[in-house]
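Undergrad: Dock chain B against the given chain A, drawing on the hints supplied.
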Amino acid sequence: RKEVEQDPGPFNVPEGATVAFNCTYSNSASQSFFWYRQDCRKEPKLLMSVYSSGNEDGRFTAQLNRASQYISLLIRDSKLSDSATYLCVVSRSNDYKLSFGAGTTVTVRA
Amino acid sequence: DTAVSQTPKYLVTQMGNDKSIKCEQNLGHDTMYWYKQDSKKFLKIMFSYNNKELIINETVPNRFSPKSPDKAHLNLHINSLELGDSAVYFCASSQVQSSGELFFGEGSRLTVL
Chain A
2 RKEVEQDPGP FNVPEGATVA FNCTYSNSAS QSFFWYRQDC RKEPKLLMSV YSSGNEDGRF
62 TAQLNRASQY ISLLIRDSKL SDSATYLCVV SRSNDYKLSF GAGTTVTVRA
Chain B
1378 DTAVSQTPKY LVTQMGNDKS IKCEQNLGHD TMYWYKQDSK KFLKIMFSYN NKELIINETV
1438 PNRFSPKSPD KAHLNLHINS LELGDSAVYF CASSQVQSSG ELFFGEGSRL TVL
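In order, the protein sequence lines correspond to chains A and B.
Per our numbering, the first sequence starts with residue 2, numbered consecutively.
Per our numbering, the second sequence starts with residue 1378, numbered consecutively.
Isolated chain A, as found in the complex:
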């Protein structure tokens, strides 16, 4: 079983829509969680960290469910510029090694 699994999508949504997707992780000892964004043929960039209590950054909301071992990302009022691949990243507590999911592709259409 992969350490981090994501629905690859693609999620095709119209501008202004809300889109949400999850990521599951296998190691219950995982300590830290992040969402990265990767545009086509570009490098990944940190979008937001995911805190236990859930957190929001503008139109983006991240949630963590430790009992079910998943994190989620919700994008409200989608913009064309939100089109990207969103990578779920999980950090192990013992060696801080980051495990990346293969990404969920979101395409926002006009």
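Derived by calculation from the structure, the hints in this document are not laboratory data.
One or more hints might be untrue.
[What the hints assert, rightly or not] DMTMM-like mimics (lysine to aspartate or glutamate), calculated; alpha carbons at most 25 Å apart, straight line:
#1 LYS3(A) - ASP58(A)
#2 LYS80(A) - ASP96(A)
#3 LYS98(A) - GLU1483(B)
#4 LYS1418(B) - GLU1435(B)
#5 LYS1417(B) - ASP40(A)
#6 LYS98(A) - ASP1407(B)
#7 LYS43(A) - GLU1478(B)
#8 LYS1418(B) - GLU4(A)
#9 LYS1418(B) - ASP1447(B)
#10 LYS1448(B) - ASP40(A)
#11 LYS1429(B) - ASP96(A)
#12 LYS46(A) - ASP1395(B)
#13 LYS1421(B) - GLU16(A)
#14 LYS1413(B) - ASP8(A)
#15 LYS3(A) - ASP1407(B)
#16 LYS1386(B) - GLU1483(B)
#17 LYS98(A) - ASP1415(B)
#18 LYS1417(B) - GLU1483(B)
[Said to hold, decoys possible] So, partial list: chain A residues that the calculated Cβ filter (under 8 Å) puts toward chain B:
#19 SER33
#20 PHE35
#21 CYS41
#22 GLU44
#23 PRO45
#24 LEU47
#25 LEU48
#26 SER50
#27 SER92
#28 TYR97
#29 LYS98
#30 LEU99
#31 ALA103
#32 GLY104
All values derive from a computational prediction rather than experimental measurement.
Glycine is no exception: its CB is placed at the ideal position from the N, C-alpha and C atoms.
TA: Below, chain B without anything else, positioned relative to chain A:
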């Protein structure tokens, strides 16, 4: 100034050749990494250095040899290139080893013919 810069951005070479990719960060970070992103888009850690010391060495063929002359530089040398080495190689840095906030370079796209 680019925070994490790696060269070359594109590399096309024949099987069996040896090539190097260089990486430099000007962020003053302690930790640097090499990641490989294959055609299936998985980003896999290859190596991690903390203050010039190797701390993560994943199951990577020993044809791959990292070198960190100082904490701002982490280079990757690959011997006897194989077709399966074709991928995008990303250098990254983080302020400290335990940080999940990585700053990536733009990537080096290696194609082995």
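Undergrad: Each of the hints needs a verdict: does it hold here or not?
TA: Evaluated hints:
1. A distance of roughly 28 Å separates the Cα atoms of LYS3(A) and ASP58(A); the hinted pair therefore is violated under the 25 Å criterion.
2. Taking the CA atoms of LYS80(A) and ASP96(A), the gap is near 37 Å; set against the 25 Å cutoff, the hint is violated.
3. Taking the CA atoms of LYS98(A) and GLU1483(B), the gap is near 21 Å; set against the 25 Å cutoff, the hint holds.
4. For the suggested pair LYS1418(B) and GLU1435(B), the alpha carbons sit about 18 Å apart, so the restraint of at most 25 Å is met.
5. With a C-alpha separation of about 15 Å, the suggested pair LYS1417(B) and ASP40(A) falls inside the 25 Å cut-off, and the hint holds.
6. Between LYS98(A) and ASP1407(B), the direct Cα distance comes to roughly 15 Å. Compliance with the 25 Å bound is thereby established for this hinted pair.
7. Distance check on the hinted pair: LYS43(A) and GLU1478(B) sit about 17 Å apart at the alpha-carbon level, within 25 Å; holds.
8. Proximity of LYS1418(B) to GLU4(A) is assessed by CA-CA distance (about 15 Å); at most 25 Å being required, the pair is judged to hold.
9. Taken as a hint, the LYS1418(B) and ASP1447(B) pair is broken in the structure, with Cα atoms around 30 Å apart against an allowance of 25 Å.
10. Simply put, LYS1448(B) and ASP40(A) have alpha-carbon atoms about 28 Å apart, too far for the 25 Å limit, and the pair is violated.
11. A threshold of 25 Å between alpha carbons decides the hint, and for LYS1429(B) with ASP96(A) the separation of about 17 Å falls inside it, so the pair holds.
12. With a C-alpha separation of about 30 Å, the suggested pairing of LYS46(A) with ASP1395(B) is violated against the 25 Å cut-off.
13. Distance restraint check for LYS1421(B) and GLU16(A): the Cα-Cα separation of roughly 33 Å exceeds the 25 Å cut-off, and the hinted pair is therefore not satisfied.
14. This hinted pair checks out: LYS1413(B) and ASP8(A) have alpha carbons roughly 21 Å apart, not beyond 25 Å.
15. Of the pairs offered as hints, the one joining LYS3(A) and ASP1407(B) is violated, with about 29 Å between alpha carbons and a cut-off of 25 Å exceeded.
16. At most 25 Å may separate the alpha-carbon atoms for a hinted pair to count; LYS1386(B) and GLU1483(B) meet this at roughly 7 Å.
17. At roughly 19 Å between alpha-carbon atoms, LYS98(A) and ASP1415(B) fall within 25 Å of each other, so this suggested pair holds.
18. Distance restraint check for LYS1417(B) and GLU1483(B): the Cα-Cα separation of roughly 18 Å lies within the 25 Å cut-off, and the hinted pair is therefore satisfied.
19. For SER33(A), the interface hint holds, the least distance from its beta-carbon to any beta-carbon of chain B being 5 Å, beneath 8 Å.
20. About 5 Å separates the beta-carbon of PHE35(A) from the nearest beta-carbon of chain B, less than 8 Å, and the hint is met.
21. Evaluation of the CYS41(A) hint against chain B yields a violated restraint, the C-beta minimum of about 11 Å exceeding 8 Å.
22. Taken as an interface hint, GLU44(A) checks out: its beta carbon lies about 4 Å from the nearest beta carbon of chain B, inside 8 Å.
23. Of the supplied interface hints, the one on PRO45(A) holds, with its beta-carbon coming within about 5 Å of a beta-carbon of chain B, less than 8 Å.
24. A cut of 8 Å between beta carbons decides the hint on LEU47(A): the least distance to chain B is about 5 Å, and the hint holds.
25. Against a cut-off of 8 Å between C-beta atoms, the interface hint on LEU48(A) is violated, since the closest Cβ of chain B lies about 11 Å away.
26. Using the Cβ-Cβ criterion of 8 Å, the hint placing SER50(A) at the interface with chain B is satisfied: the shortest such distance is roughly 7 Å.
27. Taking 8 Å as the C-beta contact cut-off toward chain B, the hint placing SER92(A) at the interface holds, the least distance being around 5 Å.
28. With a cut of 8 Å, the hint placing TYR97(A) at the interface with chain B holds, because the nearest CB-to-CB distance is about 5 Å.
29. About 6 Å separates the beta-carbon of LYS98(A) from the nearest beta-carbon of chain B, less than 8 Å, and the hint is met.
30. This hint holds: LEU99(A) has a C-beta 6 Å from the nearest C-beta of chain B, less than the 8 Å allowed.
31. At its closest, the beta carbon of ALA103(A) sits 5 Å from a beta carbon of chain B; the interface hint therefore holds under the 8 Å criterion.
32. Satisfaction of the interface hint for GLY104(A) is found here, the shortest Cβ-Cβ separation to chain B being roughly 6 Å, below the 8 Å cut-off.
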